[in-house]
Structure formats: structure tokens, C-alpha cells
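Student: Single-letter residue listing:
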Amino acid sequence: MSSLHSGDLEEFVPTSQIELSRFITENAIATQKQIFPAGGRTSLSVCCPASLSGTQICTSQLNKVIDYPVRDMTITVEAGMRIDQLNEIISAEGQRLPIDVPQSNRATLGGVIATNTSGPKRFSYGTIRDYVIGISAIDGKGNLFKSGGRVVKNVAGYDLKKMLVGSLGTLAVISQVSLNLRPKPESMCMVWFAFDSYVNVEQALNAMITSGTRPTAVEYCNSKAARQIAAESRLDLPSEHNVICISYEGPSNVVKWQANHIIEEWNEFSPLSSQIIESDHATRLYNVFTEYQTSSDDPVTLKAVVLPSQMMKFVESATQLNIAIQAHAADGIVFGHLPDSASSLEDVKQILSQLKKSIDHKTGYLTVYQCESEWSELLPLFCSPPPGWSLMKQLKNALDPDQLLNSKRFTELVET
Amino acid sequence: MVEQTNQLMNQAPASLEELESGSASFSALVQQLTLIVGEAGILFDADELLVYECDGYIVDKTAPDIVVFPTTTAQISTIVKLCNQFNVPFLARGAGTSLSGGCLPIGGGVMIVLTKMKNILEINLRDRYAVVEPGMVNLHLTNALKGTGYHYAPDPSSQGACTIGGNIATNSGGPHTLKYGVTTNHLLGLEAVLPDGSIIELGGPTAEVPGYDLHGLYVGNEGTFGICTKAIVRLTRDPESHRTMLAIFQTIAEATRAISEIIAAGIIPSALEMMDQGIIQAVEEAFHFGFPLDAGAVLLIEVDGLEIALDEEVRQILEICNSCNVRDIQRADTPEERLLIWKSRKQAFGAIGRLSPSYCTQDGVVPRTRLPEILEFIEETSNRYGLRIVNVFHAGDGNVHPILLFDERDKEQIQKVMEASEAILEKCLELGGSVTGEHGIGVEKINFMSRIFNQIDLATMETVRHIFNPRQICSRDKVLPNHQTDGSSKITQSHPTRRAPH
Ligand SMILES: Cc1cc2nc3c(=O)[nH]c(=O)nc-3n(C[C@H](O)[C@H](O)[C@H](O)COP(=O)(O)OP(=O)(O)OC[C@H]3O[C@@H](n4cnc5c(N)ncnc54)[C@H](O)[C@@H]3O)c2cc1C
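Residue numbers (our numbering), protein chains in the order written: chain S, 1 to 416; chain V, 417 to 918.
These aren't lab readings, by the way, just hints derived from the structure by calculation.
All residues carry an ideal CB built from backbone N, CA and C; glycine is no exception.
Wrong hints could be hidden among the right ones.
Stated by the list, open to error - Using C-beta positions, here's what the derived DEER-type ranges look like:
#1 Q354(S) x S614(V): 43 to 53 Å
#2 I539(V) x G94(S): 17 to 27 Å
#3 E377(S) x E838(V): 51 to 61 Å
#4 A30(S) x R887(V): 30 to 40 Å
#5 A207(S) x S657(V): 50 to 60 Å
#6 Q394(S) x D461(V): 39 to 49 Å
#7 E735(V) x A207(S): 31 to 41 Å
#8 E838(V) x I263(S): 52 to 62 Å
#9 E88(S) x E735(V): 45 to 55 Å
#10 E10(S) x I539(V): 20 to 30 Å
#11 T210(S) x S614(V): 38 to 48 Å
Working from the sequences, and respecting the hints, build out all of it.
Tutor: Laid out in C-alpha cells, this is it:
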């Protein structure tokens, strides 16, 4: 155990769940300081207010493998394990957790769950909620509780694992996780299409629902994002227009067949060009797509969740505001990097309110995904209350009755 | 470890009224409920209520006092508010196929049966979701989607009868769970009437919603978080093709090794079902498929996906099976042959009916690689108790369903079935597994909860239930073993008798 001080923010680095549980218990009984769980610190700009005062729990030493029965394809690890470290361990056995995590050299498993991080592959593999089969966490009183177990199928007791997904450190500190793993695919390729009109993009995306191929990811980007993605991947890709980039995974002959097949299928939507990207280049490009949602040094990154059929309408409005857009198009998940010209908080608020107009409030959500840390307290995370908000508040009060877990952020989550 | 228990754990449940047929409050409640659902939507005659005294788990029985069949969310909300006003318990029932007593109306009260709310409200292929009412029969949704290229993936073996609302409450799985996941992986959102009568929406048709995953938390609540009145489910693309095989092994250990190797080779079959020698013999006696009677295990293996990918997968599977000393492999090359192979699996239960007057299907889970140990233990248990136990189950998930054969007229055998079941489930836990993979805790396995979870785990679950269902007026005394019943319960323990298989 070690405690470091930096201003009025202390750091606590537990080396075991028990130690962490004891610390939080004592905090609840005695000092009642605010507690900020921190993993790889990749999302803290929005998850924690800038003017932190209290104790930051650094989970970096909670990084042990508890159990890895390789042939059962499950693993139990402590929640502070970095995603790269996890990937290295399971990759050696030909396995993987099929969740795309940006900055995976820093991001931790607990952080991925707390922020519900996902990427392009979510279209075919789902999100972290689909892979967590057991969890241990510590609530605001210091109670270390668990849910689920270590087997892939289990319905004993309430599914407390789920409520921690997306909980942003406000409900409990996630300390240990059991995961269901998948085999690594043999190969991957991507197909990069350029389109000059939104109408063609929409038609192509619409045709995807009955395509003879089974993509693992369907990414859209507008030209501003396409230029950055092409440059970052160091590949010569046409990026002056709208881009849809599709990925396929599996045995190489099957992957190749699908890449050629989609080009044939999409001929009728008059793409300006189409290009198959294979092997190392495909991996590199894919990684850029994974990283892009957090890679920007723009002042604010937005995330919108809309129905796929309504996505292009939102994209059009955002593009007009000079926002660089990447979207997991088949899922209606849109990331938008605001232009540098949005230099004041007023500008940002203005853009947010304009964008809100192009979202159907019954089925769409706009959230602030990353921002300059000095703005984080002034911008709501969620631009409207999510469904079940009143129950979320009750859960928060029940698991953290003294409002000690990242609580300021919780009350600021929703724009009032 | 911080030993701290939640105070809620020690509280007695809110004392709820027991309705007495013919009493003034009974008549008043019946009258008001009739105003809501009409005379055709209510039952309160003792004879008519008998059907509702148990579900697929018939060890415990108790009838509700009143059964109502609402047709709208608003009606349910009003019914629930009335129950609160009269302080009587209520609970939801779908098709009543639960195998753990989820529909047991402990303390009587009002049973809200959802089978009249069975409409599809929306199918949206572009956005890959459907909105359905909770009483919709699982298979009817799949049928309605035929020809669209999409289906609803969770397919419990009871899918011809069970409802989507029941599936959500129990987080149902099915033979295709290994590849496609269980109900929770396919539920996007829902509407529910909370136990105080308020109406909430959780999740939605979008791929995700911000904040805590509350619709995920709702799934698997076994009817204790209010009444689900609408479900938004994800639709899954149909596979282009299938390949189905039957692999016959000398021993269970070899069959299990083949399962692990197939998955390790990067192939996730859409189904991996195992039948052991006992069930092979039963099937053979009944239907003459030509299985060798001395075979230790038969695996039904199905892969699906793009046509172009399947032959290679089959080639690899055959190679793996060969390396695991497979005795024989039958391949279905035509749709007719595929049907025949599935018939042998599906008729397994018909065959059991010929073996024994009664049977009890258990539900336990072990890590996949521990299958040989649990199956060996089941065999030992069978010998120890002098009970015949056969196995047909979802091997890919490690989800065993030992079927205990007995004669319900013999009290001693009934006791043995109970004890043997308990021993097998204990062993599942010892091997790192669970006492239920898909049938739920209900009332059946409530005593196991404190063996799986410690006081803090249970207290946290209790805290969460308290938010949804603070007075336990909705489906009381299920899932969590917290309270001593207050003597008002009218359950009569009878026998484990025939529990529907799957
Ligand atoms: C032959 C057979 C095969 C089976 N095979 C499988 C299988 O392969 N996989 C599997 O997982 N299960 C299986 N089961 C178990 C059972 O079918 C499932 O649990 C199913 O989901 C129950 O659905 P139901 O509509 O019958 O629900 P019910 O039995 O009516 O209710 C089950 C529980 O859900 C609650 N409930 C029902 N509707 C609602 C609602 N609208 N809102 C809130 N709570 C509600 C009830 O209160 C109860 O607690 C099988 C059962 C049988 C008899």
C-alpha cells in the first residue's frame, strides 16, 4: 500500500480487493472523503470533475490473473489489469476478448466496464456486457459484493454485473472480473468505399441488412474524419468524400470472398471507388478506427446514439457544423470531434443545442464523450435524462448512501 | 474481509393481507378488478384456479385467490395499484412453463396472466429490432419473422409455449446459446409496471442508452421487479447455411475432449448437444436410429454461417473427432437428413416417457472441461441411490440436465430424487459451476443461494430488489432466501414428480 499526495487529491493504490474494501469502509466511517476510482485515466476528463478533492483510487496494482482455465475459454482477473496485458495473456492461447478499446496500453478492464467502451466490432460481437460472466465490486460503504460466477451460463441471483456497466465509478469500485473469451479469427480484411452523396451512403447502409456477406464492422466517416483516418493509417486511401469501411474476419478464403462480394453488391450504389485492404495494412487501419474516437486533441468529442436509419440525418447536420464524424454505422453510434473553432464554452453549448435538434428525443441520445478538463464540470455528460434515470438515482443512493463515489459527477451527469 | 451485513436482510417482509374468499374485501377487490378487465378477464372460482396452483415445477403448490387477464399496460398499472390498496400480493405469469416455481403465488393474492397481451407492435429490420407484448409466444415471433432474413435468437426448448415476458424474467437460453447467447444478450429495452403501479421504460430500441445498464439488471429478476409489459428485442441475421453431424464416442471423456478441441480450433458451433449412454439406449429402444447401444456418448454438432465457410469447418471437426477416437460420424447432407438427426435429439424425451412413469429434469452448470467429472459423479449418484439417471444436455456451455427417473407413487423414491438432485448440484458448485444455467432459482433452489453467495452479496441483491419491490408485494419470497415465511404461506410440499424436460 502506498499513499501519494498531489494538492488536495490523495492517491491510494490498493494491492488487493480486501485492502481496497477496508479502505473504503474506513473512509465511509471516518473521513468521508470523495473517492474517485481511476484505471488507465483515459476517460477521466469527463468521468471526474477537474477540481478533484478527495482520494483517487488507482487500480494499477490490482492486475493479477486469478484463474485462467484456458480450455474453458474463461478468465478471472483483477479489474485494474490493462487491456494490453490481458490481450497478451489470452492471445498467447489463441483467444481474445472481442471488444475494441482505444488506448489499450493504458485502459483497464474495470474502466472499460465502467465507461461501457466499445468499438467497430460491436456490430457482430456485442459489447462488454456480453462478456462479463462474474464481477466483484465495492460499494460506497466498503461492502465487497459479487454477482455471477466463472461459468458461461448462470442465472443464480440478480444480475448485478449489468448495473455496473456504464456506471462511471459512481456506484461501486469494480475489483475483479470473470470474462467469457472467444477464439481469435484466422484473418481480417477491410473494404474502403468512397461515396459522393449521403443518399448513396444511406442506400448502401440500408442494403447491408440483406447483404450476402456477414461483416464484423461497418464504419462510416465523413470526409474530415476520413482524411485524418487515412493519414493516421499511412495508407493511400481516397478521403475527399464520405467513406464506408467494412471489415470481415474469419478464414482467409471466406474473408476474401466476402470482400469481393460486397464490392459487387454495392456497385448499384455507385461508389466513387472501392479498395480491399489486407493483412498488416488491414490491422493498422482497423486500429486507427478503434483509436479514432479518443485520438483527437479537439476541444470536445461528442457521442450520439441514434437509430441506424436516422443516423445520416444527424451526420449531415454535424458535418455542416464542421464536425469530424466517425460512426459504427450499423449500430447508430456516432462520434463527433468538434472543430478547433469551437473555442469557447458558449460555442460548444451552441453546437450541442443545434445537434440536439437533429435527434429524435424518444430514441436518441447525445453525450459528451471527452472534453477539455476545465470544461468537464460545466458540460453535462448526458444531454437528456436516460430512460430509468429515477431508478438510477435510487440505485446510487442505495449503494452509496453517503454520496462518496465520484458523486459530484453523478449529480452533474444530466443537464437540468 | 469487511463483515458488514445490510440491515434490510433482517427485516421481515411487509405483512400482506391474506384474502379470504367471500370476505368483504375479497368481494370488493373482485368487483373492482372486474371493472378493469371485464368478466371474461377474471377467474376466482376455486376449481378454475387449480390450473394456476403451480407451473412446470410441481413440487410446491398453492393457488392464487384471483387470476386476471389484462390486455393493456394501463390495465396492469391499475390492477397493481388496487393490489397495493388492498395490500394483497400479486405476481406475473406467462405460459407457466417455469421449472423452478417462479409462478408460485406464495401467500395467494392476484395472479396477472399475460397471455392475452401477445401482439407484435413493431418489426423494424433496418434498425434490427422488434417490439412485442410480454405474452407473445417465443416461437410466434420467430414465425412472424420467417422470410425476412432475421430471427429472434434465444430459442428455449419450450419456445412453442413460453412467452417473451417469461424469457426475460428467467433470462432463458436454448440449444443455440453457445454461439448466439441468452435472452439478456438480445434484449434492448422494455416497459414495466413497477410494484407500486408506476410505469417505467428501461433501455430502448437504440444499440445502447447512457447510464447504468438497467434493462440488463432487469433481465433474470424472476418476476420480482414488477410486470414486464413490453419488450424491445434485437433481431439477428439468419445464417445462410447449416451442417449437422452426429458423432458417436466410446467414452464421455473423449466426447468432451472433442468439444474443447473444436472450440479451441476457433470454431463456435451453433449447437453442441450431448446424449449419454442411458439416453442413447432409451432413444434406441424407442426409435431405432441405429445408435450402438454400447456407445458412451453421442454428440450432435451443428455449425452455421456462410455456405462457403462450412465445408472447411466440417473437415476440421471431422479431423478433431477422429483424433479423439470417434467411432462413427453421421453427416446430414440434405435438409431431410438434418431433420432426422435433430429428431433423435428432440425425441429423447419422448423416449424417457417410455422408460419411467415420472422424471425430474435438473439444471446445473460446470466449466466445460469438467463435464467428465460431473457426469461420472452423476453416474455414481445414480448407483448410490439406485435411481436411473440419464443425460441429454447443452454440452458446449457445460450446462447439464440430468434427468432422474422414478415412480411418483413411491414416497421413498421421491425422497431419493430430492437428495440425489441436491448432491449433483452441490458437486456442480464444487467443480466451480452453478446450480442453475437457465431454469432459475425460483422457490426450488432458494436454499442454495446462501451457499453460492455470502451475506454481503445477498444483502446487495436485496438492496437492489428493495428499489424495485420494496414491500415484496410482487412475487414474494423468490430468489433470495432472506425471510422466514410468516406462517401465512399455504404451500404444500408434495413430490418432485414429472418435470418437463428440454
Ligand atoms: C419442456 C420445457 C423445456 C424448457 N426448455 C428451456 C430451455 O431450453 N431454456 C430455458 O432457459 N428454459 C427452458 N424451460 C423453462 C421455461 O420454459 C423458461 O423459463 C421460460 O422462459 C418461461 O416462460 P413462461 O412464459 O412459461 O414463464 P412463466 O413460467 O409463466 O414464468 C416464469 C417466471 O417469469 C415471471 N414472469 C412471466 N412473465 C412475466 C412478465 N411479463 N413480467 C414479469 N415477470 C414475468 C413469472 O412470475 C415467473 O417468475 C423449459 C421448460 C419446459 C417446460
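Student: Now tell me, hint by hint, if it's right for this structure.
Tutor: Hint check:
| no. | hint | in the structure |
| --- | --- | --- |
| 1 | Q354(S) x S614(V): 43 to 53 Å | violated, 34 Å |
| 2 | I539(V) x G94(S): 17 to 27 Å | violated, 39 Å |
| 3 | E377(S) x E838(V): 51 to 61 Å | holds, 55 Å |
| 4 | A30(S) x R887(V): 30 to 40 Å | holds, 34 Å |
| 5 | A207(S) x S657(V): 50 to 60 Å | violated, 21 Å |
| 6 | Q394(S) x D461(V): 39 to 49 Å | holds, 40 Å |
| 7 | E735(V) x A207(S): 31 to 41 Å | holds, 38 Å |
| 8 | E838(V) x I263(S): 52 to 62 Å | holds, 60 Å |
| 9 | E88(S) x E735(V): 45 to 55 Å | violated, 29 Å |
| 10 | E10(S) x I539(V): 20 to 30 Å | violated, 54 Å |
| 11 | T210(S) x S614(V): 38 to 48 Å | holds, 41 Å |
Hint violations for this structure: numbers 1, 2, 5, 9 and 10, all remaining hints satisfied.
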